[in-house]
Every structure is written in structure tokens, then in C-alpha cells.
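**Student:** As a plain string of letters, each chain reads:
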Amino acid sequence: MLLVLLVVVVLNFLMLHLAPGDIADTIAQTMGGADEQDMAELRKQYGLDQPFFIQLFNYVVRVALLDFGHSHFYNLPVFDLIMERFPATLLLVFSAQILSLFVGILLGVYAAQNPYGLSSLFVNMFSLFGYAAPVFWTGILLLIAFSLHIPIFPVSGMRDITIESDNFFVHFFDVLRHLFLPMITLASIFFAYYSRLCRASMLEVLGADFVRTAKAKGLSKKDVLLKHALKNSLSPVITFAGLSFSAVVSGAILVETVYSWPGLGTLAFNSIISRDTPVLLGILIFSTLMVTVGNLLTDLTLKALDPRIKI
Amino acid sequence: MNKHFLKTLLLTATLIFTSLGVSIAEPKKGGTLIAAVGNSPRHLNPAVQSGIVTGFPGAQLFATPIRYDNNWEPQPYLAESWEISDGGKTVRLNLVKDAVFHDGVPIKSSDVKFSLETIKKNHPFKTMFAPVVSVETPDEHTAILKLSSPHPALMLAMSSQLMAIIPEHVYGDGQDPKTHPQNSENVVGSGPFKLVEFKSGEHIILERFDDFFIDGRPYLDKMVLKIIKDPATRTIGLENGEIDFYAFENVARNIVRLKKNDNLTVTPDGYAAIGPIDWLAFNTKTGKTADVNVRRAIAYAIDRNFILKAIMLGVADEARTGIHPGSPFYEPNVEPYNLDIDKANKILDDAGYKKGSDGMRFGLTVDFGWPGLKPNAEYTKAALKKIGIDVTVRASADFPTWAKTVSNHNFDLTWDTVFNWGDPVIGVHRTYQTSNIKKGVIWSNTQQYSNPKVDAIMEKAGVENDMDKRKALYSELQKMLANDLPVYWTNTLPYHTIYSKKVGNPPMGIWATSSPMDMTYIKD
Chain A
0 MLLVLLVVVV LNFLMLHLAP GDIADTIAQT MGGADEQDMA ELRKQYGLDQ PFFIQLFNYV
60 VRVALLDFGH SHFYNLPVFD LIMERFPATL LLVFSAQILS LFVGILLGVY AAQNPYGLSS
120 LFVNMFSLFG YAAPVFWTGI LLLIAFSLHI PIFPVSGMRD ITIESDNFFV HFFDVLRHLF
180 LPMITLASIF FAYYSRLCRA SMLEVLGADF VRTAKAKGLS KKDVLLKHAL KNSLSPVITF
240 AGLSFSAVVS GAILVETVYS WPGLGTLAFN SIISRDTPVL LGILIFSTLM VTVGNLLTDL
300 TLKALDPRIK I
Chain B
0 MNKHFLKTLL LTATLIFTSL GVSIAEPKKG GTLIAAVGNS PRHLNPAVQS GIVTGFPGAQ
60 LFATPIRYDN NWEPQPYLAE SWEISDGGKT VRLNLVKDAV FHDGVPIKSS DVKFSLETIK
120 KNHPFKTMFA PVVSVETPDE HTAILKLSSP HPALMLAMSS QLMAIIPEHV YGDGQDPKTH
180 PQNSENVVGS GPFKLVEFKS GEHIILERFD DFFIDGRPYL DKMVLKIIKD PATRTIGLEN
240 GEIDFYAFEN VARNIVRLKK NDNLTVTPDG YAAIGPIDWL AFNTKTGKTA DVNVRRAIAY
300 AIDRNFILKA IMLGVADEAR TGIHPGSPFY EPNVEPYNLD IDKANKILDD AGYKKGSDGM
360 RFGLTVDFGW PGLKPNAEYT KAALKKIGID VTVRASADFP TWAKTVSNHN FDLTWDTVFN
420 WGDPVIGVHR TYQTSNIKKG VIWSNTQQYS NPKVDAIMEK AGVENDMDKR KALYSELQKM
480 LANDLPVYWT NTLPYHTIYS KKVGNPPMGI WATSSPMDMT YIKD
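Residue numbers (numbering that gives the first Met the number 0), protein chains in the order written: chain A, 0 to 310; chain B, 0 to 523.
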């Protein structure tokens with residue numbers, strides 16, 4: 000595990016080092032120019048004038064001591080910057096993942112009941128649309144529809160800063176209102192995966208002997224479908240959900256940019272553009288952690304669904 | 000006095016006010032302005048950080064000695080008056096007596112001295128205060144700037160976001176001012192608004208500073224600057240009324256779209272000093288573009304009108320030189336290089352660049368510094384094909400990648416947007432000075448252009464106090480540059496300010512939002 004983490008850190012560092020340009024260039028950009036002396040000073044200040052291996056060694060040692068360093072761009076501790084934004088991303092990613100699973104499974108079950116009917120076709124089309132449409136495009140369309148023409152949801156941010164109430168629920172509902180569109184947008188990519196997977200899995204299970212037995216026992220259609228068939232067809236869906244967790248995290252970068260959601264995605268995007276290596280490396284370590292936790296949750300869910308599975 | 004006379008008087012008064020464009024409405028106090036900004040600033044201290052992103056909050060948090068009106072005339076701000084003597088080598092600033100910083104400590108001449116010295120040492124625009132040798136402080140409210148040579152650019156350099164007066168008792172504590180923790184948190188400023196909260200990438204909240212040195216100002220209680228990177232999201236926010244104000248919009252299709260909205264005012268006014276110009280820069284040192292004939296042929300083959308109408312959708316202005324058309328130094332009577340394909344072909348033929356069997360003479364590359372300039376680069380390929388130049392468009396992954404390529408002089412042609420920053424000494428000279436050919440430094444003389452006569456004119460214009468003589472020198476400079484053509488200037492970057500009808504007195508001077516918004520208010 001530690002070896003994997005070391006490899007991740009080294010590879011990330013190498014890749015970022017290979018990208019042309021550095022923080023001195025981006026600071027010059029934000030300044031509207033800079034002279035040679037300033038740029039040399041900046042490179043010296045951030046240790047960029049040292050050989051690659053020394054920079055790498057220094058970074059690995061610091062990370063081992065749980066010191067993620069300072070952001071070159073914002074001049075703030077990387078850990079603070081990440082922790083400030085981590086909850087927002089966590090909220091977005093988990094809510095979108097849960098929503099896409101819930102809706103995906105619902106659509107899959109619905110489609111499986113009449114696999115070649117019109118409703119199934121509709122479900123397929125709907126989910127494939129979400130899958131095929133670029134996420135930023137879906138985001139903008141939803142904004143035009145529900146922020147401009149039917150102004151129910153805000154266009155950006157995570158909270159309304161002008162609210163001056165101390166009431167927890169006022170702020171809670173404010174965050175929910177801001178979360179709605181980004182969550183739907185991010186979830187839309189995965190509706191297709193989960194609904195189609197669930198449909199296929201359900202169809203297979205519905206043809207199995209134990210379902211026929213359940214039907215023969217005279218159980219209601221609802222019981223057969225939900226208690227027997229669904230439970231047994233969920234494993235592939237949950238497994239896939241765990242595997243696609245990293246894709247949700249990367250999808251969050253685009254969604255956060257469209258909705259100015261103050262999460263790690265926008266920070267990562269800015270850090271790439273500004274060559275803010277310490278922040279980007281910190282985010283990569285955190286997203287690795289987030290994906291690992293996501294996978295662990297998947298395993299636990301699978302175990303709950305199927306006691307034969309051992310962790 | 001009869002009724003008829005009174006009616007006539009009233010009508011005349013109304014007509015005079017209307018014709019002068021004077022708003023009769025009294026600014027209203029109170030209210031919150033919700034503004035959008037397109038990027039997150041590194042921090043909020045404009046004394047050590049340039050750029051328009053820091054400029055917006057920076058000019059609200061920090062006052063400068065002077066400010067400028069719409070006609071490029073300096074006006075009192077923190078300095079209630081000033082005297083220039085000794086042929087421009089001594090500038091005396093008489094400071095407002097009762098001005099205080101946000102922590103209540105009085106603003107003294109020693110703070111002016113400290114600020115100027117800090118800026119001179121740390122700000123990237125070294126030419127702003129280069130001739131300032133010392134600052135004398137005979138009393139608490141007088142600062143005397145001693146210069147080694149006359150420096151007319153000094154006045155503009157003391158305005159806008161360029162000379163923020165920062166407190167010595169805070170930023171002079173021995174820490175590096177560039178990385179001072181109070182650049183982002185607990186900022187102690189001298190301007191009309193003080194900082195409530197700065198969350199990078201999210202928002203900046205400012206509130207009225209009650210002890211601001213101009214009585215009754217600012218009018219607004221609060222300013223909320225939301226950081227929204229996505230242009231489409233900002234546009235929707237302006238359309239649905241969630242955002243009241245956005246400056247520096249330059250996406251042509253958004254400007255055209257927002258102009259159709261009856262609840263919004265969209266104006267290009269207020270950017271003359273910022274002075275952004277789009278241009279095609281040439282490598283004048285190596286490759287085919289080292290030949291001035293090639294550069295001229297390229298300029299004749301590129302249709303500036305096509306760029307203005309088709310790419311900029313009619314929202315940008317023509318720029319024939321490297322000085323912004325809104326500047327008093329702009330000289331439009333230079334060779335405009337209007338589209339003339341035959342002439343372009345003839346120049347190349349005469350210069351010995353014969354077409355090959357495939358109809359092509361030679362190949363060149365074109366880069367672009369900003370995503371918005373991609374259409375210009377693609378158009379360049381199509382336009383130059385007509386004169387037998389095979390252009391390869393090189394897309395850079397992002398700004399640092401492009402900056403690396405161009406600053407190391409590994410390019411033939413590149414599209415770029417460069418700012419004037421008020422006086423030509425600050426933002427124009429750097430592109431053409433021989434002494435500013437510096438490898439690895441973006442927005443230096445990356446064209447590697449060198450002409451001793453041009454250098455001499457810039458040196459002379461930089462110290463000329465007489466405005467008319469200075470204008471004549473810059474006119475000559477622009478004609479010489481248009482002749483040598485190290486850069487082919489095409490248009491102004493179409494910066495626009497968009498604001499809701501409920502916003503009164505938006506910043507319409509020469510510095511846009513890089514100026515204090517103490518007079519901006521929210522109408523009923």
C-alpha cells in the first residue's frame with residue numbers, strides 16, 4: 000500500500016514536472032508581466048532552481064511527514080486549502096453517486112419488467128442521453144432552464160452569502176437549493192450505466208429458478224421483484240459503482256467549474272493552469288484517498304447484500 | 000415672476016442637464032452590490048501584485064494618492080493637492096489631513112514613503128517609479144518625491160491600483176510583503192471598503208468603511224464579489240438578475256447576447272487606461288519573419304475588418320498601433336495595412352520568395368496565448384494561404400506552455416493580448432525596447448525587435464513634460480513601428496462592463512474596476 004502511494008506520488012510529481020512552464024510563468028501572467036530578476040527570485044523561493052531529483056526527494060520526505068507544503072499561488076498551506084474545499088466536493092460526489100444509483104436502479108427495474116416495450120425504450124433513451132451529453136453542456140442547459148427561464152435554482156456557488164440568518168435550517172435548505180443542479184448534472188452521466196446494468200442483471204435474475212419458485216409460491220409481483228430479484232441483481236451494479244467512483248470524482252471537476260461549486264475540482268483545475276504543484280499533488284493524494292474510501296464502502300455494501308462475500 | 004417664465008426656466012434647466020448627461024438623481028446610500036469576477040486573485044494587495052483580478056478588490060481596499068476622471072485628468076484622492084517643480088524632478092503631495100487606515104491609525108506621509116518603496120522593490124512594473132530616488136517627509140501630511148529625471152508617467156502610476164497606500168505599521172513588520180499573511184486575511188487598507196472575508200475561488204466580501212476620508216462615501220454598504228470562472232454561468236447570472244455587475248467581459252457572443260437584455264446596460268467605456276490590444280507578433284530575429292517584407296506581406300493579407308466583424312462580432316474597435324485608441328497618445332495616421340492580397344503577393348515576389356509547384360512559398364507556425372484568440376490563429380492560416388504561406392496552427396495546452404514557447408523565442412507568429420497600463424512608459428515601451436529583450440520573460444520584447452532610433456524616441460518621450468511635444472514623439476514612434484512592423488496590431492480586446500439598471504454610477508473612468516467604487520450606488 001505504501002509502495003503504491005510512493006509510486007503515485009513519484010509519477011504525479013514527474014508528470015507535473017514534465018509540463019512546460021512553471022509557477023513563475025503563471026505569476027507573471029497574473030501580474031501582466033515580470034522581469035527576469037523577479038522570476039529567478041520566485042523560482043529560487045519555491046526551490047524550482049534545484050535539480051529534479053532533489054525537488055522530488057524533498058517533496059517525498061515532506062509528504063512522509065504529512066506536510067503538504069504551501070501553495071505557490073495562494074501562499075496558503077495546502078492542507079488548509081484542501082480541507083476548506085473537501086467537504087463541498089464530498090457532498091457533491093456522494094450525493095450525485097447516491098442519486099445516480101437510486102434513479103439508475105429504479106429505471107433498470109422498471110425497464111426489466113417489460114424489456115422490449117415502449118417504456119423500456121424510453122428509459123434507454125433517457126439514460127443514454129445523459130451518458131452521451133457532455134457534462135458541461137448538460138450543466139449549462141439545466142442552468143438556462145432552471146435558473147434563467149424558470150428561475151428556481153441559483154446559478155453558482157454553494158450558499159447565498161447575503162443570508163444573515165442564524166437558523167440552521169435556513170442555511171441547510173440554501174445549500175440544498177444550490178446543490179440540486181450540480182448533483183443532477185453529475186449524476187446524469189451515470190444514470191445510463193446503472194440503469195442498463197441493472198436492467199440486464201434483472202433480466203438474468205428474473206429468468207432464474209428461484210424467481211420462478213417465488214412466483215409459484217404465489218408471492219405478489221412486487222415481492223418477487225423487489226425482495227427476490229432486485230436484491231440478487233444488485234451486486235454487479237454496486238461493484239460497478241465502486242469502480243466508477245474515480246470517474247465521478249473527475250466528473251466533479253467539470254461540474255464544479257460550470258456551477259462555481261467551491262470544491263476540490265475547481266481548485267485542481269486552477270492548480271493545473273497555474274502550475275501550483277504542491278496543491279495539485281495534495282489534491283491527487285486526497286482524491287486517491289476518497290476513491291479508496293468509496294471502494295471500501297462498496298465492499299461493505301456488497302457484503303451486506305451477499306453474506307457469502309468476505310472482506 | 001409669471002408661470003410661463005418658470006416653466007421655461009424649468010424646461011431649459013432640464014434640457015441643459017440632459018444634454019450634459021448629468022444625472023439629477025441623488026445617489027442613494029446603502030445596499031449590496033453583487034458583482035462577479037472571472038478569476039480568483041492570488042491575494043488582495045495591489046502594492047505587490049499587479050493584474051486586473053487583484054485590481055478590483057485592491058482599489059476598493061486601498062486608496063492611492065490621486066485618481067483620474069474620464070478625460071485623463073488627475074483628481075485629488077488621498078493627496079488633496081500636489082505641486083510639480085524643478086522641471087518635473089520634484090513632486091510634492093499634500094495629503095488629506097484626517098485620513099485613517101481600516102484599523103483607525105492615521106495615514107501619514109511615512110506610509111506613502113513606505114508604500115512607494117515597497118512597490119518600487121516588489122511590483123513587476125519597474126518603470127513606474129524607476130526615476131524616484133527618494134521620498135522626503137517634512138511633516139506627517141507632506142510627501143516629497145525626488146526624481147533623477149522628469150517622469151510624466153508618474154501621475155498615472157500614482158492612481159488606480161498602481162500605488163496602493165499600505166500601512167507601514169502592518170506591512171513593515173519585517174516579513175516579505177509579497178507573501179505577507181495580511182495580503183489575504185485581516186487586510187488593513189486605506190480605501191472606501193474594508194475586507195470581511197476572502198475565500199479563494201469562492202468570493203470576496205467587502206463592507207463600507209465608515210471612517211473613509213471622503214465624507215458620506217462610499218454609498219454602498221457592501222460589495223460581494225463572486226468568483227465565477229465559467230463565462231456562460233456568469234452570463235446566465237446577469238440575465239436572471241443574480242449578478243448586478245460584471246466588468247472585463249470580453250467574449251464577443253456573450254456581449255452581443257447581453258446587449259439584447261432590457262434590464263442590463265452593456266458598455267465598452269472605462270477601459271482606455273487598461274488599454275488591452277490584440278495583436279499578431281512576429282519573431283523579427285530568426286526565420287522568414289526576420290525579413291520586414293514578409294511581415295508587411297502578412298499584414299496586407301490579414302483582413303482586420305474580418306477580425307472585427309466576423310470574429311469580434313462588431314463589439315471591438317480597430318487598433319492600428321500598440322497604443323490604445325482611447326489614449327491621448329494614439330496616432331491613427333499610420334500605414335493601416337488594409338487588405339490587399341495583390342500587394343502582399345507582389346511584396347513576396349519582389350523579395351524573392353517564389354511560389355513552388357504546390358503554390359506555396361514557405362511555411363510558418365502561429366501560436367496563440369489565450370483560448371479566445373484561437374479563431375484568429377485559424378483565420379491566419381486561411382488568410383496566408385492566399386499568398387502562398389503554409390501556416391501551421393500550434394495549440395498550447397495552457398498559458399504556461401505558450402509562455403514558455405514564446406518567451407524562449409521559439410515561434411514565428413503568435414497572437415497575444417497586451418495591456419497598456421495607463422502611460423506608454425509602463426505598458427508600451429516594454430514591447431519594443433532593445434534593452435527589454437529578455438529570454439524566458441513573457442511580455443518582454445519577445446519579438447527581439449531592435450531599432451536604435453525607436454529606442455531613442457522612447458527614451459525622449461519618457462522624460463518629456465510638455466504634453467504636446469510628448470504626443471508628437473509618440474506619434475513619430477507609432478509611425479516608425481508601423482513601418483518596421485514587429486507586431487501587427489488589429490483591434491482592442493472588447494472589454495465591456497455589464498450592469499443591472501439598478502446600479503448607479505458604475506466605474507466609467509479610464510481604469511474600470513481598478514478604480515475606487517465609492518460613488519457607485521444601488522437605486523431604489
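Calculated from the structure, these hints are not laboratory results. Mixed in with the good hints there might be a few duds.
Unchecked claim - Listed below are the simulated EDC-like cross-link pairs for lysine to aspartate or glutamate, each with C-alpha atoms no more than 16 Å apart in a straight line:
1) B:Lys287 to B:Glu139
2) B:Lys403 to A:Glu163
3) B:Lys27 to B:Asp214
4) B:Lys438 to A:Glu163
5) B:Lys221 to A:Glu163
6) B:Lys437 to A:Asp34
7) B:Lys112 to B:Asp85
8) B:Lys221 to A:Asp159
9) B:Lys437 to A:Glu163
10) B:Lys120 to A:Glu40
11) B:Lys438 to A:Glu203
12) B:Lys120 to A:Asp208
13) B:Lys198 to A:Asp37
14) B:Lys437 to A:Asp159
15) B:Lys145 to B:Asp214
16) A:Lys216 to A:Glu203
17) B:Lys468 to B:Glu458
18) B:Lys384 to B:Glu334
19) B:Lys438 to A:Asp34
20) B:Lys119 to A:Asp37
21) A:Lys230 to A:Glu203
22) A:Lys43 to B:Asp483
23) B:Lys120 to A:Glu35
24) B:Lys198 to A:Glu83
25) B:Lys354 to B:Asp316
26) B:Lys96 to B:Glu139
**Student:** Hints first: check each against the structure and report whether it holds.
**Tutor:** Do the hints match the structure? See the list:
{"no.": "1", "hint": "B:Lys287 to B:Glu139", "verdict": "violated (60 Å)"}
{"no.": "2", "hint": "B:Lys403 to A:Glu163", "verdict": "violated (47 Å)"}
{"no.": "3", "hint": "B:Lys27 to B:Asp214", "verdict": "holds (14 Å)"}
{"no.": "4", "hint": "B:Lys438 to A:Glu163", "verdict": "violated (52 Å)"}
{"no.": "5", "hint": "B:Lys221 to A:Glu163", "verdict": "holds (13 Å)"}
{"no.": "6", "hint": "B:Lys437 to A:Asp34", "verdict": "holds (8 Å)"}
{"no.": "7", "hint": "B:Lys112 to B:Asp85", "verdict": "violated (20 Å)"}
{"no.": "8", "hint": "B:Lys221 to A:Asp159", "verdict": "holds (14 Å)"}
{"no.": "9", "hint": "B:Lys437 to A:Glu163", "verdict": "violated (52 Å)"}
{"no.": "10", "hint": "B:Lys120 to A:Glu40", "verdict": "holds (12 Å)"}
{"no.": "11", "hint": "B:Lys438 to A:Glu203", "verdict": "violated (67 Å)"}
{"no.": "12", "hint": "B:Lys120 to A:Asp208", "verdict": "violated (82 Å)"}
{"no.": "13", "hint": "B:Lys198 to A:Asp37", "verdict": "violated (27 Å)"}
{"no.": "14", "hint": "B:Lys437 to A:Asp159", "verdict": "violated (47 Å)"}
{"no.": "15", "hint": "B:Lys145 to B:Asp214", "verdict": "violated (32 Å)"}
{"no.": "16", "hint": "A:Lys216 to A:Glu203", "verdict": "violated (20 Å)"}
{"no.": "17", "hint": "B:Lys468 to B:Glu458", "verdict": "holds (13 Å)"}
{"no.": "18", "hint": "B:Lys384 to B:Glu334", "verdict": "violated (23 Å)"}
{"no.": "19", "hint": "B:Lys438 to A:Asp34", "verdict": "holds (10 Å)"}
{"no.": "20", "hint": "B:Lys119 to A:Asp37", "verdict": "holds (12 Å)"}
{"no.": "21", "hint": "A:Lys230 to A:Glu203", "verdict": "holds (13 Å)"}
{"no.": "22", "hint": "A:Lys43 to B:Asp483", "verdict": "violated (38 Å)"}
{"no.": "23", "hint": "B:Lys120 to A:Glu35", "verdict": "holds (14 Å)"}
{"no.": "24", "hint": "B:Lys198 to A:Glu83", "verdict": "holds (9 Å)"}
{"no.": "25", "hint": "B:Lys354 to B:Asp316", "verdict": "violated (35 Å)"}
{"no.": "26", "hint": "B:Lys96 to B:Glu139", "verdict": "holds (9 Å)"}
Violated hints, in rising order: 1, 2, 4, 7, 9, 11, 12, 13, 14, 15, 16, 18, 22, 25; the structure is consistent with all others.
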